[in-house]
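**Q** Heads up: the protein sequence lines correspond to chains U and V, in order.
Using this note's numbering, read the first sequence as starting at 1 and increasing by one per residue.
Using this note's numbering, read the second sequence as starting at 1 and increasing by one per residue.
Heads up, some of the hints might be wrong.
Treat identical chains as interchangeable: a pair holds within one or across any two.
Pairs of lysine-lysine residues, derived as DSBU-like cross-links and limited to a Cα-Cα distance of at most 30 Å, are as follows [claimed, not checked]: (1) K122 - K2; (2) K44 - K2; (3) K44 - K92; (4) K92 - K2.
Hints are computed from structural coordinates only; laboratory data are not their basis.
Bear in mind the structure is a predicted one, so any value in this text is a computation, not a measurement.
There are 2 protein chains.
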Amino acid sequence: MKGNYFEHFAEGQFYRTGSRTLTEAEIMNFARSYDPQLIHTDPKAAAESHYGGIIASGLQTLAVTFLLFFDADIFGQAFEVGVGADELRWNKPVRPGDSLTAEVEVMEARPSRSMPHCGVVKTRIRTLNQNGETVMTLVSVDLVKRDPAALGAEAKA
Amino acid sequence: MKGNYFEHFAEGQFYRTGSRTLTEAEIMNFARSYDPQLIHTDPKAAAESHYGGIIASGLQTLAVTFLLFFDADIFGQAFEVGVGADELRWNKPVRPGDSLTAEVEVMEARPSRSMPHCGVVKTRIRTLNQNGETVMTLVSVDLVKRDPAALGAEAKA
Numbered sequence: 001m002k003g004n005y006f007e008h009f010a011e012g013q014f015y016r017t018g019s020r021t022l023t024e025a026e027i028m029n030f031a032r033s034y035d036p037q038l039i040h041t042d043p044k045a046a047a048e049s050h051y052g053g054i055i056a057s058g059l060q061t062l063a064v065t066f067l068l069f070f071d072a073d074i075f076g077q078a079f080e081v082g083v084g085a086d087e088l089r090w091n092k093p094v095r096p097g098d099s100l101t102a103e104v105e106v107m108e109a110r111p112s113r114s115m116p117h118c119g120v121v122k123t124r125i126r127t128l129n130q131n132g133e134t135v136m137t138l139v140s141v142d143l144v145k146r147d148p149a150a151l152g153a154e155a156k157a
Numbered sequence: 001m002k003g004n005y006f007e008h009f010a011e012g013q014f015y016r017t018g019s020r021t022l023t024e025a026e027i028m029n030f031a032r033s034y035d036p037q038l039i040h041t042d043p044k045a046a047a048e049s050h051y052g053g054i055i056a057s058g059l060q061t062l063a064v065t066f067l068l069f070f071d072a073d074i075f076g077q078a079f080e081v082g083v084g085a086d087e088l089r090w091n092k093p094v095r096p097g098d099s100l101t102a103e104v105e106v107m108e109a110r111p112s113r114s115m116p117h118c119g120v121v122k123t124r125i126r127t128l129n130q131n132g133e134t135v136m137t138l139v140s141v142d143l144v145k146r147d148p149a150a151l152g153a154e155a156k157a
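Could you build all of it, start to finish, from the sequences and the hints given here?
**A** As structure tokens, then:
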């Protein structure tokens with residue numbers, strides 16, 4: 001299995017994901033469907049704004065961050081479902097050509113009360129651009145499957 | 001101008017947005033690019049899961065909610081930029097054909113310290129399906145432009 005069952009996780013573990021570059025076309029395509037503001041969709045209007053050019057929708061930065069997170073196989077196939085997120089902040093604009101990567105730190109790992117075959121894993125995620133500047137931060141709360149072998153041993157005990 | 005300047009907002013104001021229906025094709029298209037898990041992209045695998053069929057990526061539910069929010073012209077052209085979100089929770093799966101609408105309650109409106117031409121508006125957003133069930137909740141934190149007329153009066157005072 002790619003990824004890690006709940007039992008693997010403990011406070012303080014640290015991961016760094018791969019990276020992904022956002023092109024102007026990708027930024028404008030996403031925004032046309034999901035965040036059609038001129039700052040994301042219209043290079044001329046964006047150039048005249050105080051941002052001085054197109055910036056990515058914050059939702060796209062979030063989506064790319066989750067993609068990087070999952071592609072890193074930290075949870076991988078043991079991922080059950082996302083519960084939510086806390087303290088999401090967009091700290092700095094993401095511009096065409098920016099290459100994003102994410103740093104992930106485990107804050108907490110505890111068994112789930114409502115889903116006995118899962119645990120809750122809270123991670124602090126920081127998304128960085130190619131200059132090492134933080135563009136977004138959040139705390140992700142996810143359900144991660146428990147190891148069936150460990151669950152079986154518990155049932156027998 | 002469509003929308004409302006910062007001065008308009010006060011705790012307790014309530015808005016209801018229009019609605020939008022998500023098709024299976026839209027759910028699968030979004031997920032293929034931004035959340036390629038089988039539960040979002042593969043009807044057969046999804047049918048065999050405990051969800052019993054395709055469900056939308058939580059990121060898409062978030063994106064559609066923000067679209068509904070902005071289409072409602074609550075901030076409209078006075079919107080400056082999203083600061084972030086707190087307490088985001090995906091409470092219930094969104095399925096193909098579900099029609100989403102959002103309820104928005106103003107929690108706080110205060111002048112911005114770092115952006116004097118703006119105020120910070122915090123809203124509690126609840127996304128509902130056609131059966132009135134809550135599928136997602138969050139607190140959105142946004143910068144909203146102050147009324148230039150009001151700012152001018154302050155400068156003269």
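**Q** For each hint, tell me whether it holds in the structure or not.
**A** Comparing the hints with the structure gives:
In the homo-oligomer, the alpha carbons of K122 and K2 lie at most 30 Å apart inside one protomer (20 Å), although the nearest pairing across protomers, at 40 Å, exceeds that limit. For the identical chains of this complex, K44 and K2 are inter-copy neighbours only, at 22 Å across copies versus 45 Å inside a copy, given an alpha-carbon limit of 30 Å. In this assembly of identical chains, K44 and K92 lie within 30 Å of each other by CA distance solely inside one copy; the values are 21 Å within and 40 Å between copies. Taking CA atoms no more than 30 Å apart as the test, K92 paired with K2 passes between copies only; the shortest distance there is 27 Å, against 33 Å inside one copy.
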